[in-house]
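Here the protein sequences come in this chain order: A and B.
Add 1194 to the 1-based position in the first sequence for the working numbering, that's all there is to it.
Add 4 to the 1-based position in the second sequence for the working numbering, that's all there is to it.
Check each hint, because a few of them may be wrong.
Quick partial rundown of chain A residues pointing at chain B, CB under 7 Å, derived from the structure [unchecked claim]: (1) Gly1214; (2) Asp1223; (3) Gln1235; (4) His1239; (5) Asp1262; (6) Leu1263; (7) Pro1265; (8) Arg1282; (9) Ala1320.
So the derived list for chain A, only partly shown, Cβ under 10 Å to chain B, looks like this [to be verified]: (10) Pro1289; (11) Asn1302; (12) Leu1379.
These are computed hints drawn from the structure, not numbers from a lab.
All figures in this text were calculated on a predicted structure; none of them were measured in a lab.
All residues carry an ideal CB built from backbone N, CA and C; glycine is no exception.
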Amino acid sequence: MEGRGSGKQDIILAGVGGQGILSIAYVIDHAALDEGLNLRQAEVHGMAQRGGAVQSHLRLSSETIFSDLIPRGGADMILSVEPLEALRYLDSLAPSGVVVTSTTSYRNIPDYPDLEDVLERLRRVARHAIADSEKLAKEAGSSRAQNMVMLGAASPFLILKEESLLRHIENLFKPRGGNLVDVNLKAFRLGRDAAGS
Amino acid sequence: MKKDFAMKQEVLLGDEAVALGAIHAGLSAAYSYPGTPASEILEYLLRRPAEERGYKAAWSVNEKTAFEEALGASFAGRRALVSMKHVGLNVAADPFMNSALTGVGGGLLVVAADDPGMHSSQNEQDSRYYADFARIFCFEPAGHQEAYDMTREAFDLSEKLGIPVMLRLTTRISHSRSVVMPREPRSQNSLRLGQWQDWTLLPVNARRRFKQLLERQGALLAASESSPFNALTLNPSDRSLGIIASGIAWNYVQENIRGLASKPSLLKISTYPAPESLIRRLTDHVDRVLVAEEGYPLIERLLRGLYGVPGKTVLGRMSGELPASGELSPDIVREAMGLRPLEHFEAGERPLAGRPPQLCAGCPHADTLKALNEALRDRSGSNVFSDIGCYTLGALPPYNAIQTCVCMGASISMAHGGSDAGIRPAVAVIGDSTFGHSGITSLLSAARADADMTVFILDNGTVAMTGGQTSHATGPGLLKIIEGLGVPPEHILVIEPLPRNHERNVQIILEELDHRGLSVIVAVRECVTYSSKRRG
């Protein structure tokens, strides 16, 4: 346990069911706990997890947190593993908020809009970090690690220490065996470097 | 367990906080049927390390059996938990209502997880009405620590009052995570059997027990009035507005309250029967009362009664200040509190292309539905009655394959009635676990009548929609059940739903559609998502 962190951060995590949104939430939750922050994290279970739009409201604060849901206009960050899903929750963003999104589209619907148009609309947010999660995840060793790429891309904007995040990526993937810890740590670093550039 | 216990905070789902609270309250037995948003309660109990598992925990075949299993454990003097989603309580309503008359031996906790907004449900019924209907006590937590603490309190109260106690959750508490600090665990009760005069509900006993239940209502109200989970704060300098909030709505009020220039008087309600004297003190103090509750307007309706509160204005879901249906949110409650919306980023053009849930890539249901669609292509007047499960997504494009979904097991019985009414071909589509839950009796009825219909049982070996829990009617056992119910063996067909078997499967379906009597086609292929991680 480290010293008590300070500040407040409300994050909307977004993606498509099966993209590992809840793994991102796990890492942030436990890092926040280590840093002595209060947290609340609302998830979507059940029907929507079958390839539908999923989102998680994650609230961190050194003060008491009341609502499990983030009010519209209250989100400090939208962190999405999919660009259309980032756009879906943009209304929730505070005017000064940051959007962190992947450019890799997940096309399981017939009427997916023009990707360039989606990205263009996301770039209109003054503070944004955009990363090609599929390319970077493959470079790290597994296209399934796109969620950790995006967590890495978000990490410079989080009120959490990078070492806390890395520790819990390790905790999350260690029990799953193989080289998953290394792959996901690398995915995180590649995402972080891409966002910084 | 006791001597090893160390206080350690944990990040838990609301559901998990309830499960942990139950373990620490000396739980002996827990039963459930999977259903969103309640599934994670039993999942947590099953996931605990074996050395901590001093209790029995199991998925039951349906909520009624789960309830009766828990009631049996309570009869034996042990503490028992039964958990389910809101509509599951409809299935368990028979033992639930009667358990208020039998009373309990060991504490009996009924956890009902409601799904306002219908994220994963067919309706948004409010389980607090069931607690009221049965005349039992009900807790409604607003946060995770409360969910843990109330669970522990609920077992004590159940034994003290001699009745089952309900804990009502809603989706946003069930599926939200936060930190919980546990307390010293209590050990389990020892075995002590109930008295037959109390537990045998012959009219002579039931009349006496119902009278005793009614006599106990004063004690229930007193427990609610004095509960530390309720809180009244009157603002002596402002009498214009009071807010009553329960459950998750309390959090939304708290979220927004600092935006109000003058703090309203507040009453947090967490226990039912609703604490009347606290409500009276609030309404006496203020001119207007806003009632914010997740679900139906239960408290608001109590306040309004037939004639309202003289001289006072009651605002809420019935007055239109809050929407009559659907889930509340911090924004909706904010508006009802008279506050302007927060500034937010203007995202531009709406709506965006939606992304509804869909069957997974390679799902066996997709192959069955494609074959069924092709077989029915030239059969105008056909109807496919379906059921609760992943295959309900077959109602959406690209399948557009089913025309009804009502409740667990209704596919077979509705197809039976539809067939009697003249629908040809009448088809039912149901999954293996749903069949075990409520389809068996329907098929027995259809078999006795040799109803002219074709039943598909999609055997993927698991309860997939809720996360891959144990199915009780799958594999060779399922085939024996079907035959045992009296379906003619020559009209029990097994197909393997795979693209390469498509033509053959269509042929088999066509032949059975032509049979003027009952056929059952069992489509057997493991769930692609949960096949590798099946759990017990």
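Hints and how they fare:
1. Gly1214: 14 Å, violated
2. Asp1223: 5 Å, holds
3. Gln1235: 4 Å, holds
4. His1239: 5 Å, holds
5. Asp1262: Since the shortest Cβ distance to chain B is 4 Å, the answer is holds.
6. Leu1263: 6 Å, holds
7. Pro1265: At about 4 Å, which falls below the 7 Å cut-off, the nearest Cβ of chain B leaves the hint on A/Pro1265 intact, so it holds.
8. Arg1282: With a minimum Cβ separation of about 6 Å from chain B (threshold 7 Å), the hint on A/Arg1282 holds.
9. Ala1320: Hint on A/Ala1320: violated, closest Cβ of chain B at ~9 Å, above 7 Å.
10. Pro1289: The hint holds - A/Pro1289 has a Cβ within 10 Å of chain B, the shortest such distance being about 6 Å.
11. Asn1302: Check passed: Cβ of A/Asn1302 comes within 7 Å of chain B, closer than 10 Å.
12. Leu1379: 22 Å, violated
The structure shown violates the earlier hints numbered 1, 9, 12.
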